[in-house]
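Since the structure of chain C is already known, use the hints to place chains W and F on it.
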Amino acid sequence: MDAIKIKGMIQQLAKLNYQKMYLDDFLLTWEKSDDEVGATFLVAEILRGLREINISSRIFDSGLGISLFRDQSTRTRFSFASACNLLGLEVQDLDEGKSQVAHGETVRETANMVSFMADVIGIRDDMYIGKGNTYMREVSQAVKQGFLEGVLEQRPTLVNLQCDIDHPTQSMSDMLHIINHFGGVDNLKGKKLAMTWAYSPSYGKPLSVPQGIIGLMTRFGMDVVLAHPKGYEVMPEVETVAHSNATQNGSSFTKTDSMAEAFEGAHIVYPKSWAPFGAMERRTNLYGKGDFDGIDVLEKELLTKNADHKDWECTEKLMAATSEGRALYMHCLPADISGVSCQEGEVQAGVFDRYRVPLYKEASYKPYIIAAMILLSKVKHPADTLNSILESGISRMKSMVEI
Amino acid sequence: MDAIKIKGMIQQLAKLNYQKMYLDDFLLTWEKSDDEVGATFLVAEILRGLREINISSRIFDSGLGISLFRDQSTRTRFSFASACNLLGLEVQDLDEGKSQVAHGETVRETANMVSFMADVIGIRDDMYIGKGNTYMREVSQAVKQGFLEGVLEQRPTLVNLQCDIDHPTQSMSDMLHIINHFGGVDNLKGKKLAMTWAYSPSYGKPLSVPQGIIGLMTRFGMDVVLAHPKGYEVMPEVETVAHSNATQNGSSFTKTDSMAEAFEGAHIVYPKSWAPFGAMERRTNLYGKGDFDGIDVLEKELLTKNADHKDWECTEKLMAATSEGRALYMHCLPADISGVSCQEGEVQAGVFDRYRVPLYKEASYKPYIIAAMILLSKVKHPADTLNSILESGISRMKSMVEI
Amino acid sequence: MDAIKIKGMIQQLAKLNYQKMYLDDFLLTWEKSDDEVGATFLVAEILRGLREINISSRIFDSGLGISLFRDQSTRTRFSFASACNLLGLEVQDLDEGKSQVAHGETVRETANMVSFMADVIGIRDDMYIGKGNTYMREVSQAVKQGFLEGVLEQRPTLVNLQCDIDHPTQSMSDMLHIINHFGGVDNLKGKKLAMTWAYSPSYGKPLSVPQGIIGLMTRFGMDVVLAHPKGYEVMPEVETVAHSNATQNGSSFTKTDSMAEAFEGAHIVYPKSWAPFGAMERRTNLYGKGDFDGIDVLEKELLTKNADHKDWECTEKLMAATSEGRALYMHCLPADISGVSCQEGEVQAGVFDRYRVPLYKEASYKPYIIAAMILLSKVKHPADTLNSILESGISRMKSMVEI
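Chains as they are written, first to last, in this note's numbering: chain C, 57 to 459; chain W, 57 to 459; chain F, 57 to 459.
Looking at chain C on its own, in the form it has when it is part of the complex (with noise of 0.2 Å):
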């Protein structure tokens, strides 16, 4: 990466139209336009190259990031806080707790009280169908008036880091990583795309990445092809939008339960386990009552479940099938991998360890994408600002005789 190329990314960027991102929400990638997805593809690359050629982005002097978990995460507490250390703010987390259920006045209230100083705030809630985009709704609504009623002196804007319908952060660095690895957007028509289910021991994993992947992917010409057993739907809201992207985007979305299938001719495949529909909305009622001892009983009931399907598995003889027999292999990470984090998994170790390298790469693009996602819903001119900060050239890091 160097400066011309990364002028030429602000010139492009500076074409799109996406001026509704700013003071905006980014909460579910289909209430973007595609020109507010390609802004974000573009200001996250901007922002890692600005990172490579040692050229600071903070464009606050100060302020704060609250990050908002409702589930404990190390990886995604340090992608939010990587977003928002370059971009100049701190990070101040909130741990609510899961057992913790959150009433509309508590919200409101908790919401405002935090929300003094902050720019941002971060949101993970997945665990509960019905619940955690709904939950991030209302805080947005709470901040919202907050600020037009003069208390807060700034409209923090949300950013969703996983909830019960979307992982946009996830399927959009995902996205990413599909654009560089084929070279650009243009080469992705007509590829094939496996999301598929895959046998894990370990728990009831939410459903947001495979309904990310088939609500983002399904918009760049790609035949996305949606593969899992009986029992293991995905919320029919999202298929009716990747159903509808397609169509517009003349590819394809179809369904099998066959993995086989699935990876017969693909591309790049996704597989990756997540909990039963059923047990997940049984999950919600549980909840909602706070029979915690009941969710343990179904978390085992579940797991019982998973091992009906232990031949769910990414092997290499699946993996000779695809394309070439070199499709890409894709995971959002931890994967459950047979024989080294458990005995029977999503992936066989010698699949997993071919692709380690693409792995990483894929996760690497997450903290810039949630910078992206913060930088246009806070800044009113996103070209102008990024521009003024490559000319300017503040190093991030001192290494040079600069006197």
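Any given hint could turn out to be false.
As the list makes no split between identical chains, a pair holds if one copy fits it or if it spans any two.
Unchecked claim - Only pairs whose alpha carbons sit at most 27 Å apart, straight line, appear in this in silico DSS-like list of lysine-lysine:
1. K63 x K311
2. K76 x K311
3. K311 x K361
4. K200 x K187
5. K61 x K311
6. K200 x K417
7. K286 x K356
8. K63 x K361
9. K356 x K345
10. K361 x K286
These are computed hints drawn from the structure, not numbers from a lab.
Frame of chain C, contents of chains W and F only:
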């Protein structure tokens, strides 16, 4: 807010006599002169104004703010973190846990060991009568000594974030809210403020809020009434402060055991629960012995005692009896709202709802009050420094074209 | 300290040969040349000097310092956070918990996942013989690989904040304290330093302090004596290092099982408890099996064994036998002070009291030593960069009129 108005406030500030605040702690409001209290309000308003017009008020390029909490507290933690961030300090939390009884040697040593880069220490220690403020003075003494002996390169100053005696960041924020609500200190003469006990089913709350209120609000010409059931007395030494304040300011401080009498004709009402004084003293003794089971038993006892006074609730009827039926309702939040956060509590939902926006605004002053306390204790010539900040006009957030 | 003196130290620094520290870790002092050790002391003093004259030594405009602790540690955490803050890095803590046994894949992946914006990683992992240092090298290898493969935009360097073998940030701080106390390295020739075991009732402490001391202090012409009861041996490979150092520096390294003999005529005494070597090895084995109950049983056993040696206490009588009766008493803190923090412990209260100020000063070097290690590993031309920092003279704290 605009630059002209801020400039005016800095000129006002320059006329006050507050030099003694430099390198000093902020522990009790009644240890501060009227000019010192006034300077704190002014600096808080100036800092808020600067933020409104996007001027950075970082006075530190690096440095730490240590938060030392004996009890978990999300809101106080965020207020302190916000204040530190506004000035350029990074917060490091030191959670000692409530069960740890600190001895002299440990206090002295720990205070120094965490302060090598500390510019300010914020302490919250409010649960034990006779302990919290004493502990703060021990820490203050330890770091002052450390500075004099060359162990520390700077003297960390202390901000009392709530102790057993006073809650200066709360009462000062509340007072600034009152001043702004009534359009200036001059309009407060003869106003009636009712600080009254209210019923709470949740836990035995500290006395620092009512004490902080009567210890500060009696200095502004208002007639302050303290109302509570028998057995809910506050510390006699603070009542003495309130009486003395009232005498010096030509106002009054009176007591009653009737909530209705306190509300009658009041311009400001502050109905809020606290624990019975006797229970607080017994808690301290149990704590001294490390008898935490005893503390749990006591907690149940005092909630039972509280329940004798469920009629101490801020109702619409009581509000109707206040001046013109529209006294300013205040609370330090979170409140026990009847039918919302509990069955029966401190305030009716209708009253709370009507005052939500003013309540949030009341809270919004706290980060600026804390930042003002820090600034006045660290900067030798605050008016000059604030002027130079205003003149140089460095953006808090880059949002405009700046080439 | 003044600018002239700092300038002089920078000139001294420029003459040393320490280029190999750039982009390298600081894991064991005996892996570093004399010039590299000397450069670290100089940079620590320069950074302290800059802070004294209110010049900011931020070399990072943004960036993260990751603290990775296997054991909770307030003091080490604050030292690392202070060092990072001084240089402009924001700390993110990754507490893995002591019960989690990390496997190769997990270490490699986690190290990369938390390091996308990480400039430095500080690790403390000291409880298991043969584990801590090995773990650090695994993490180092993982992020070096991540950097080479383009996953990370920068290579995070590591600082050993205490492992099973060495405690370089402690021993280097201690050594800088000794140098300043005796007025320079030149005055240390022939001085006697007694590193001795002492009785502690609290827990089985790691060997890294005595090992770090004999591995470093034998390089400065001092006669180092290691004293302990039978069964409290340190790692033989570190004794070999100490012997070899002594040979190369024309000094001596000897051993004794008598505390009195060690103190006799000593100029510096460092009485401090550690666990029996055999117990440490058994702990490692139990840990490998995940047998945490077994570890608890072992802990009780070793405290019983410790109690056979309660006479290993640093008394006034022993101190009287040191050189002129006024050897420099040292400790890494916190000490087990007889009659203060325990009934019988490592040191009499009277001795500790007399040396409190020097002990605190000893500790005060640590944040600067850590910052020096970071700076030397991240900055290509340290002397030039420090010169430019001094010349530009940006205030750490705005406190003067600056219009």
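Is it within, between, both or neither when you check K356 against K345 at 27 Å Cα-Cα?
both (19 Å within a copy, 26 Å between copies)
Using 27 Å as the alpha carbon limit, work out where K361 and K286 are close: within a copy, between copies, both or neither.
Classified as within: same-chain Cα gap 11 Å, cross-chain 58 Å, threshold 27 Å.
At most 27 Å between CA atoms: does that hold for K63 and K311 within a copy, between copies, both, or neither?
neither (42 Å within a copy, 66 Å between copies)
Intra- versus inter-copy proximity for K417 and K200 (alpha-carbon distance at most 27 Å)
between (36 Å within a copy, 14 Å between copies)
Between the shortest in-copy and the shortest cross-copy C-alpha distance, which are at most 27 Å for K61 and K311: within, between, both, or neither?
neither (40 Å within a copy, 64 Å between copies)
If the cut is 27 Å between Cα atoms, do K63 and K361 qualify within a copy, between copies, both or neither?
neither (53 Å within a copy, 69 Å between copies)
When Cα atoms must be at most 27 Å apart, do K286 and K356 count as within-copy, between-copy, both, or neither?
within (19 Å within a copy, 52 Å between copies)
Given identical chains, is K311 near K361, meaning Cα to Cα at most 27 Å, within a copy, between copies, both, or neither?
within (21 Å within a copy, 64 Å between copies)
At most 27 Å between CA atoms: does that hold for K76 and K311 within a copy, between copies, both, or neither?
Result: close neither inside a copy nor across copies, 34 Å intra and 57 Å inter.
With 27 Å as the alpha-carbon cut-off, assign the pair K200 and K187 to within, between, both or neither.
within (20 Å within a copy, 41 Å between copies)
The structure shown violates the earlier hints numbered 1, 2, 5, 8.
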